[in-house]
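Construct all of the structure, not just a fragment, from the sequences and the given hints.
Just so you know, the protein sequences line up as chains C and Y, in that order.
For the first sequence, position 183 (counting from the first letter as 1) is numbered 183 according to this note's numbering, and the numbering increases by one without interruption.
For the second sequence, position 49 (counting from the first letter as 1) is numbered 49 according to this note's numbering, and the numbering increases by one without interruption.
These aren't lab readings, by the way, just hints derived from the structure by calculation.
Please read these numbers as outputs of a predicted model, since none were measured by experiment.
Watch out, some of these pointers could steer you wrong.
Straight-line alpha carbon distances no greater than 20 Å define the calculated EDC-like cross-link-like pairs of lysine to aspartate or glutamate that follow [claimed, not checked]: (1) Y:Lys18 / C:Glu124; (2) Y:Lys46 / Y:Asp34; (3) Y:Lys18 / C:Asp122; (4) C:Lys456 / C:Glu436; (5) Y:Lys18 / C:Glu277.
Label-pair restraints from in silico Cβ distances [as the list claims (entries may be wrong)]: (6) Y:Asp59 / C:Thr279: 42 to 50 Å; (7) C:Arg110 / Y:Asp27: 28 to 36 Å; (8) Y:Ala45 / C:Gly252: 42 to 50 Å; (9) C:Thr279 / Y:Leu64: 29 to 37 Å; (10) C:Ala239 / Y:Trp98: 54 to 62 Å; (11) Y:Trp98 / C:Glu168: 43 to 51 Å.
A virtual CB, placed ideally from N, CA and C, is assigned to each residue, including glycine.
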Amino acid sequence: MTQQPLTSSNSLGFSPGEGDVVALVEDDITTRHLTRTWLEGAGYVVTEFDSAESVRAASGTLPTVVCIDLGLGESSGFDVMNHLRERDPELPTIVVTAEREVETAVAAMRAGAYDYLTKPVDRERLLHSVRRACERRRLVNSVRNLRSALGTGRLLDTLVGTSPAMRELSQQVERVMESDVAVCLLGESGTGKELVARAIHTGGPRRQGPFVAINCAAIPAALQESELFGHERGAFTGATQTRLGCFERARGGTLLLDEVGEMSAATQAVLLRTLQERTVRRVGGSQEIPVDVRILCATHRDLRSEVDAGRFREDLYFRLVVYPIELPALRDRLEDLPMLVTHFLEKLQIRAPHRVRGMSPEALEVLSGHSWPGNVRELENVVHRSVLSCRTEQIERADLPRDLQGRIPRVVSERVDDPEELLGRGDEVLPLRELEHRAIKRALRVTRGSVGRAAKLLGIGRATLYRRLAELELGASNPPGEVA
Amino acid sequence: MTDRPPPTTLPPTPTLSKVRLDAIARDVSREFLDELVALFLTDVAKKLERLSDVIRERDLEQALASAHDLKGAAASLGVLRLRAVAGKLEDFLQRGDWRASDTTLVRLLREFAHVRSVLAPEQRAVAP
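And the structure:
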């Protein structure tokens, strides 16, 4: 095995040329020769390596992009990837796998690869991916410069919240924006899956193209194919004219397949073929129409379980769920509530009968005690309804919808039979979780259910207390009759 | 071995992907394709030699890696049936079926001889 790069711009290792430098790590000579020629033909400087050892032995400046065959003989392509990412975590890495090893590609994407290609590598797909990766590299460099100038990180504009869950989401979205990697957005209803899909679209290179979203659950199985792939005139009764499907309408842009778990088996088969061939055939048509579309999907279901139950095709699953992004439920980021309320108030100002500037702490506290099964969408509705009821500049507890006003932590009505038993009887040692449970219940009892005051007495933040209430399953609603 | 048609267990795959070869010639040049074909034939001959050795030695790990390499090389140039037979060999090896692997290795060698005959530059223009 070669210990130095086989060829490079100046044979010293990773060295920048006039243009972008692509490091090619591939042990098969035919593939390497072909790939190198394609890349050089497109104007890139190529540095070749035929083994993981030769990459490790190389020193000098890192390339702009690295393209790694994951099936590298005895040494693993993953090792190369990790080695390079240790030197620079932001180095865009394109991995190449055999067609039947999509699972390996999925693992690589999760480990931080920028994009993946399957063998035999298609020239257009390769050049497209490398071009995007180089753009990404330049973007990362400019963001780095900007961040160091500002001395701070910046969340995406459209995603509201500063909780750890939202920061993590923001980082994941930033990572997938620039590539065409298949992202699957997972989350409960109302968590903002379409919003995140739009953020991915508008933040990426396809922003000038259309964003098309289709809700598979809202379309009867018989019409799904026609909606997605279009139909020719006369394809079926009522098809009086040719109609473009979502794929064609999203050409050059992004297509979101919402509630993809509800797609019929027949449509799944056609979708798989479309993703493999990157062409669509309209219902009743015979022509293969090329489509360049980024596919995002979303679901509230556990797609892996759907695969195991035989309701969702495994091959399609691997194509669609390369990079899963989980959206946090609102109850898991209650610290974002005030910011979200402000955001919705600003958004509603245009339609509101008068200006509402904020929400009282008492009203916010009531909102913090709710479990939000409908997530952010439910919150937006609540804020909207409250604005309509509100006659002043600030939403008070009384302005909130009636069903929410009645909700205070259940523990108010509960009694610790004997407060002296807080630590357990005699020599009994209670688990810390149980002690915490009792302490919280007691604090809420003595403060008559005021979470704010209870948190103060316990020496923790209010948001923390709400989180602990949810974790200890203490935060259910009271029947209206028991409200203090 | 007699010159029988390929066994029915093989996928009905053409020898070469004309589309892929033509695309390479179009995207780069006909001369480059000739160069690539020559490189491929030399490399695959070496790979087959190594594969035969490790199968004879019953070295499963090396045999799997060699079959996989061969499959990748064939895929790269669009040598479809050779790739399919190499894939079959990989399957048999994964199952630890040495007997089927021996038979498939023979098929692979025959297929390579066939590929070499159709890929020779003067014949490629009329290749199936």
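Status of the hints after comparison with the structure:
1. Y:Lys18 / C:Glu124: Roughly 17 Å separates the two Cα atoms, so the pair holds.
2. Y:Lys46 / Y:Asp34: 19 Å, holds
3. Y:Lys18 / C:Asp122: 14 Å, holds
4. C:Lys456 / C:Glu436: 15 Å, holds
5. Y:Lys18 / C:Glu277: With Cα atoms ~17 Å apart, Lys18 (chain Y) and Glu277 (chain C) stay inside 20 Å; holds.
6. Y:Asp59 / C:Thr279: 42 to 50 Å: 43 Å, holds
7. C:Arg110 / Y:Asp27: 28 to 36 Å: 33 Å, holds
8. Y:Ala45 / C:Gly252: 42 to 50 Å: Distance hint for Ala45 (chain Y), Gly252 (chain C) holds at roughly 45 Å.
9. C:Thr279 / Y:Leu64: 29 to 37 Å: 35 Å, holds
10. C:Ala239 / Y:Trp98: 54 to 62 Å: Holds - the Cβ-Cβ distance for Ala239 (chain C) and Trp98 (chain Y), about 57 Å, lies within 54 to 62 Å.
11. Y:Trp98 / C:Glu168: 43 to 51 Å: 50 Å, holds
Checked against the numbered hints given earlier, this structure breaks none of them.
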